[in-house]
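Dock chain Y against the given chain U, drawing on the hints supplied.
There are 2 protein chains.
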Amino acid sequence: MDNRPIGVFDSGLGGLTAVKQIMEKFPDESVVYFGDTGRVPYGTRSPETILRYTRDDINFIRGFDVKMIIIACGTASSVSLPTVKYENEGIPITGVVDATVYKAVRKTKNKKIGIIGTTGTIKSHSYDDGIAAYDSAIKIYKRDCPLFVPLVENGHFDTPVARLVIEEYLEDIKAAGVDTLILGCTHYPLLKKAIGEYMGAHVTLIDPCAEVVEYLKKKLGRDMLHGADRDAEQYRYFVSDDPAGFAERGGIFLEREINGQVEKIDIEKY
Amino acid sequence: MDNRPIGVFDSGLGGLTAVKQIMEKFPDESVVYFGDTGRVPYGTRSPETILRYTRDDINFIRGFDVKMIIIACGTASSVSLPTVKYENEGIPITGVVDATVYKAVRKTKNKKIGIIGTTGTIKSHSYDDGIAAYDSAIKIYKRDCPLFVPLVENGHFDTPVARLVIEEYLEDIKAAGVDTLILGCTHYPLLKKAIGEYMGAHVTLIDPCAEVVEYLKKKLGRDMLHGADRDAEQYRYFVSDDPAGFAERGGIFLEREINGQVEKIDIEKY
Numbered sequence: 001m002d003n004r005p006i007g008v009f010d011s012g013l014g015g016l017t018a019v020k021q022i023m024e025k026f027p028d029e030s031v032v033y034f035g036d037t038g039r040v041p042y043g044t045r046s047p048e049t050i051l052r053y054t055r056d057d058i059n060f061i062r063g064f065d066v067k068m069i070i071i072a073c074g075t076a077s078s079v080s081l082p083t084v085k086y087e088n089e090g091i092p093i094t095g096v097v098d099a100t101v102y103k104a105v106r107k108t109k110n111k112k113i114g115i116i117g118t119t120g121t122i123k124s125h126s127y128d129d130g131i132a133a134y135d136s137a138i139k140i141y142k143r144d145c146p147l148f149v150p151l152v153e154n155g156h157f158d159t160p161v162a163r164l165v166i167e168e169y170l171e172d173i174k175a176a177g178v179d180t181l182i183l184g185c186t187h188y189p190l191l192k193k194a195i196g197e198y199m200g201a202h203v204t205l206i207d208p209c210a211e212v213v214e215y216l217k218k219k220l221g222r223d224m225l226h227g228a229d230r231d232a233e234q235y236r237y238f239v240s241d242d243p244a245g246f247a248e249r250g251g252i253f254l255e256r257e258i259n260g261q262v263e264k265i266d267i268e269k270y
Numbered sequence: 001m002d003n004r005p006i007g008v009f010d011s012g013l014g015g016l017t018a019v020k021q022i023m024e025k026f027p028d029e030s031v032v033y034f035g036d037t038g039r040v041p042y043g044t045r046s047p048e049t050i051l052r053y054t055r056d057d058i059n060f061i062r063g064f065d066v067k068m069i070i071i072a073c074g075t076a077s078s079v080s081l082p083t084v085k086y087e088n089e090g091i092p093i094t095g096v097v098d099a100t101v102y103k104a105v106r107k108t109k110n111k112k113i114g115i116i117g118t119t120g121t122i123k124s125h126s127y128d129d130g131i132a133a134y135d136s137a138i139k140i141y142k143r144d145c146p147l148f149v150p151l152v153e154n155g156h157f158d159t160p161v162a163r164l165v166i167e168e169y170l171e172d173i174k175a176a177g178v179d180t181l182i183l184g185c186t187h188y189p190l191l192k193k194a195i196g197e198y199m200g201a202h203v204t205l206i207d208p209c210a211e212v213v214e215y216l217k218k219k220l221g222r223d224m225l226h227g228a229d230r231d232a233e234q235y236r237y238f239v240s241d242d243p244a245g246f247a248e249r250g251g252i253f254l255e256r257e258i259n260g261q262v263e264k265i266d267i268e269k270y
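One line per chain: the protein sequences are U and Y, in this order.
Each residue of the first sequence is one higher than the one before, starting from 1 at the first, in this note's numbering.
Each residue of the second sequence is one higher than the one before, starting from 1 at the first, in this note's numbering.
Same shape as in the complex, but just chain U (with noise of 0.2 Å):
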């Protein structure tokens, strides 16, 4: 048993998905949440500054003693797994690339894999490398989308626009005849159906917040995320902006209502 809570952060509110993996789950477990809607978007900023970001985002998750680190955003993962790995030995931190690669290459028949994330994550190359290490004969075809996150932001999930944006991005990708689809930022879920539409059904989509749970169980084991006998509130989350924005906005993301207090911080202090 280990009562301690997981936390898990993002550059804002995509990163809820996989709160709500979590609860459902694991019922059991608490969970800390922050999301930096006050220095939303990560992925269009410059490695350093992203960096820098996700620091201060651990830094202060730390705070709540907590017994692991999920970093939902696939940006962060992206640029600063490995540093922050190596800055915070003591905890086990768990971005999404790693769970991704190894759901993606063992999906693909044809050896064909579309990736598409934020311009951060697109130039980071994490999922190439991640792929590549696996087996070096797949072949990967990738895009940013920078519009993505925007339309999902303002509600464009299935509507023309957000189609006729899906067939700019995807259009290469389609071609290629890619068999595996990694939607690479936790934005991307939300637009699953109308890319599902594009795409053709014998291409299965990839959502990172979903394997990054599974892994969790396959890794740590049942026991360690059993957290039973909790005296404090289950669901906390944080904010660095507005916290009614997120309470109004955040339920399109967990699919239910936020279920638990909402606090602001100032991120910059961390």
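Derived by calculation from the structure, the hints in this document are not laboratory data.
It does not matter which identical chain is meant; a pair holds if it fits inside one copy or across any two.
Only pairs whose alpha carbons sit at most 20 Å apart, straight line, appear in this in silico EDC-like list of lysine to aspartate or glutamate: (1) K123 <-> D242; (2) K123 <-> E248; (3) K264 <-> E48; (4) K269 <-> E48.
Because the structure is a prediction, the values reported are computed rather than measured.
Same frame as chain U, now just chain Y:
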């Protein structure tokens, strides 16, 4: 003669449209520009955060002994101007709202004005309050257009996607029969062609950055604005994230190459 530079700042690159106007209308002036690219966008953040960021920006710009400060950012102008004016009494600070309102109320004939901007700008009521103070008989039709900034930043000026989003956002304003439309965000003038085609030739589109520069000319007179015998570099640019990206993409807004050094600073220290 006052040889001190004019300070201009914006949440990102859009404020370069004001610098462009200064270059064209006051070719002898020096400019210090700050683009808060590490914390862009402002338009979706809470009023408290927008004010805090605006204060940092002004503290940074004041370090250059500027003779005046132009807040090119529609959101920062709308949310923070009264407060920062009060806090910085010694130096003239001009936002984009006053000059834009001045022009709009003189342009409208049917007394129906449309206002579009970021969510922060629209929620602030800055333009409507200004218009109502001039003439309370003017009817206002407004809408936030949160996808316009990402569209412009990704090169969608006159594409099918841009036109579809323009229709979504402007449908009601067009139906209301406005004859004047305020493009209340530095990015929107880059959509001018497509917006103009959708609204029709009888609708006057007003670009706040152009108006603020016109307004300076009238308000401050020619003498103060002619700074001859400059020693220093004429155009200096500062950003809070990757200078290379700024130099690369800034030309879209400046409508010429970035002609000066771009330096990165840590805005959170100001």
